[in-house]
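Visitor: Sequence:
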Amino acid sequence: MFLSMRPETGQIRGVPETMFDHSQSGDRVAVIGGGPAGLTTAYELSKIAPDHRVDVFEGGELVGGISRTESYNGFRIDIGGHRFFTKIPEVQATWKEILGDEFIRVPRLSRIYYRNKFYNYPLKLFNALGNIGFYESTRIMLSYLKWQLRPHKGDDSFEGWVINRFGGRLYMHFFASYTRKVWGIHPRNIQADWAAQRIKSLTLWGAVRKALTGSSDATSLIEEFDYPVLGPGQMWERCVEKLEAAGQSVHMRHWVQKLERDGNRITAAIVKTPDGETKRVEADHFINSMALDDLIGAIDPPPPAHVVAAAEKLKYRDFLIVALLLDDPDPFPDNWVYVHSGDVRVGRIQNVRAWSRAMVPNDSQASIGMEYFCNVDDEMWAMEDADLIKMAGGELEALSLGRADKVVDGKVIRQPKAYPVYDTEYKEAVDTISDWIKRLENLQSVGRNGLHRYNNQDHSMLTGIYAARNIMGEAHDLWDVNVERSYHEEMEIADKEKAAKSADRETVNAA
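In case it helps, the numbering used here puts the sequence shown at residues 6 to 516.
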């Protein structure tokens with residue numbers, strides 16, 4: 006449908022004024038995106054403001070974003086593995102409220118494949134020493150001491166940050182090649198804050214302590230985690246059921262194409278429906294979880310030129326998974342394997358049955374997720390599905406994790422904009438965009454792509470919880486939500502001690 010503006014009202018000709026039910030007395034809230042952040046916002050609002058009317062618009066056929074679970078011939082397939090582990094009380098409570106007792110407890114088993122050998126992860130001392138050898142282990146420790154005495158000057162890059170904390174030798178072995186495979190750019194062109202966010206709690210001495218004692222405070226080294234019996238998508242499927250039971254709506258295959266702006270307020274969303282029609286949706290509040298560059302491109306009239314230019318600088322890493330169905334129930338025991346070898350293109354391998362047996366429809370087959378990091382303009386992205394399945398089967402065999410002749414079927418799933426890239430331009434660009442968005446009175450941006458932040462599912466959910474509470478009058482800065490704070494017990498302890506001291510001071514002052 007051709008859209009044009011009514012001069013007298015600024016509305017769209019031929020487009021209905023609204024899709025909302027006006028029978029409810031509360032505010033109208035439009036949520037863009039049915040991933041963890043968007044659905045959590047809607048769920049939180051359904052609890053704290055049941056009179057508000059919330060409509061979620063999801064462009065895809067499944068909810069959950071990259072935490073969805075797809076189905077194929079009775080197999081449930083994750084878009085990458087998702088552990089359910091958090092130290093954020095609000096998120097833990099939300100998980101339990103939505104899914105109840107449909108969690109299982111999964112023991113973690115993961116390994117790193119490097120130079121034709123498998124390394125246990127978390128580190129097992131004798132396994133590591135046996136693989137890498139005493140001589141090379143000694144060189145790793147000496148390298149660490151060297152960089153402690155003379156730190157790398159480029160501490161603002163991923164390369165410099167890791168070298169200064171792990172040493173150049175360990176960086177060369179276990180960080181450089183895998184990081185380049187994941188991101189497609191040299192680690193020195195990745196900003197250090199990505200490392201600080203993702204591996205801050207993991208240190209060389211912490212890994213050694215874990216190997217010697219079996220204990221660790223690092224979130225990345227936990228030995229067990231909760232997991233929905235039918236995969237992470239089950240969480241969001243149940244969430245939709247609860248929203249609809251509460252009188253809220255989730256509209257599938259509804260694409261938000263434009264956001265109309267009047268000064269510092271968003272007035273309406275232009276939404277394309279599954280039948281190709283275009284509708285105009287008015288609301289009092291808008292919650293965005295689509296990628297920042299898409300958001301800025303959708304706002305009409307556009308933001309200032311410098312904000313548009315900043316959005317154009319943002320980059321993303323795309324992702325595809327080749328799910329191989331094997332006539333072999335247990336080709337290897339791991340939940341997942343990180344593949345550091347440059348001899349194959351696969352970056353990580355999931356063994357779905359090792360996460361939950363309920364995701365595989367029989368006891369004689371396995372579902373293996375071969376994960377490839379790429380860009381949408383890469384040759385791999387455009388490959389035929391049959392060729393990708395053949396390639397993935399060959400790589401599985403090359404890694405000694407399964408036989409190619411056991412592959413009986415496969416499914417290819419492509420996920421654009423899976424990972425926001427932390428390159429040398431991203432931070433200034435995000436700061437520019439966030440400064441402008443904060444001026445809008447009724448738009449909040451949440452989630453991984455909505456904040457251009459490589460966060461975990463629980464962190465995305467926390468931004469959704471806070472966005473809902475902001476609508477009710479609280480004042481959380483979503484751009485300042487710090488995932489590390491929620492993951493470090495020492496921070497929680499420090500907060501409690503600070504609160505206790507503050508209470509003591511107040512008692513003294515009152516006396």
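Quick caveat, the hints were computed from the structure, so don't treat them as lab data. Be aware that one or more of the hints could be misleading.
To be verified - Only pairs whose alpha carbons sit at most 27 angstroms apart, straight line, appear in this in silico DSS-like list of lysine-lysine: (1) K263 x K320; (2) K158 x K320; (3) K263 x K277; (4) K247 x K186; (5) K432 x K416; (6) K101 x K247; (7) K277 x K422; (8) K129 x K320; (9) K277 x K320; (10) K186 x K395.
Claimed, not checked - Distance windows between CB atoms, simulated: (11) G138 x A201: 27 to 37 angstroms; (12) M177 x K92: 13 to 23 angstroms; (13) D348 x N380: 19 to 29 angstroms; (14) M146 x E107: 25 to 35 angstroms.
Beta carbons: idealized from backbone N, C-alpha and C, even for Gly.
Visitor: Decide, hint by hint, whether the structure agrees.
Guide: So, going through the hints one by one against the coordinates:
1. With a CA separation close to 21 angstroms, the supplied pair K263 and K320 stays within the 27 angstroms bound.
2. The hinted pair formed by K158 and K320 meets the criterion: a straight-line CA distance of about 26 angstroms does not exceed 27 angstroms.
3. Taking the CA atoms of K263 and K277, the gap is near 10 angstroms; set against the 27 angstroms cutoff, the hint holds.
4. For a cut-off of 27 angstroms, the pair hint linking K247 to K186 is broken: about 40 angstroms separates their Cα positions.
5. Of the pairs offered as hints, the one joining K432 and K416 is violated, with about 36 angstroms between alpha carbons and a cut-off of 27 angstroms exceeded.
6. Of the pairs offered as hints, the one joining K101 and K247 holds, with about 13 angstroms between alpha carbons and a cut-off of 27 angstroms not exceeded.
7. Of the supplied pair hints, the one linking K277 and K422 holds, its CA atoms being roughly 21 angstroms apart against a limit of 27 angstroms.
8. At roughly 37 angstroms between alpha-carbon atoms, K129 and K320 are farther apart than 27 angstroms, so this suggested pair is violated.
9. Taking the CA atoms of K277 and K320, the gap is near 26 angstroms; set against the 27 angstroms cutoff, the hint holds.
10. About 21 angstroms separates the Cα atoms of K186 and K395, which keeps this hinted pair within 27 angstroms; it holds.
11. In this structure the supplied range 27 to 37 angstroms holds for G138 paired with A201, their Cβ-Cβ distance being about 31 angstroms.
12. A hinted range of 13 to 23 angstroms is violated for the C-beta pair M177 and K92, which are about 33 angstroms apart.
13. In this structure the supplied range 19 to 29 angstroms holds for D348 paired with N380, their Cβ-Cβ distance being about 21 angstroms.
14. Evaluation of the 25 to 35 angstroms hint for M146 and E107 yields a failure: the beta carbon distance comes to about 46 angstroms.
Of the numbered hints stated above, those contradicted by the structure are hints 4, 5, 8, 12 and 14, listed in ascending order.
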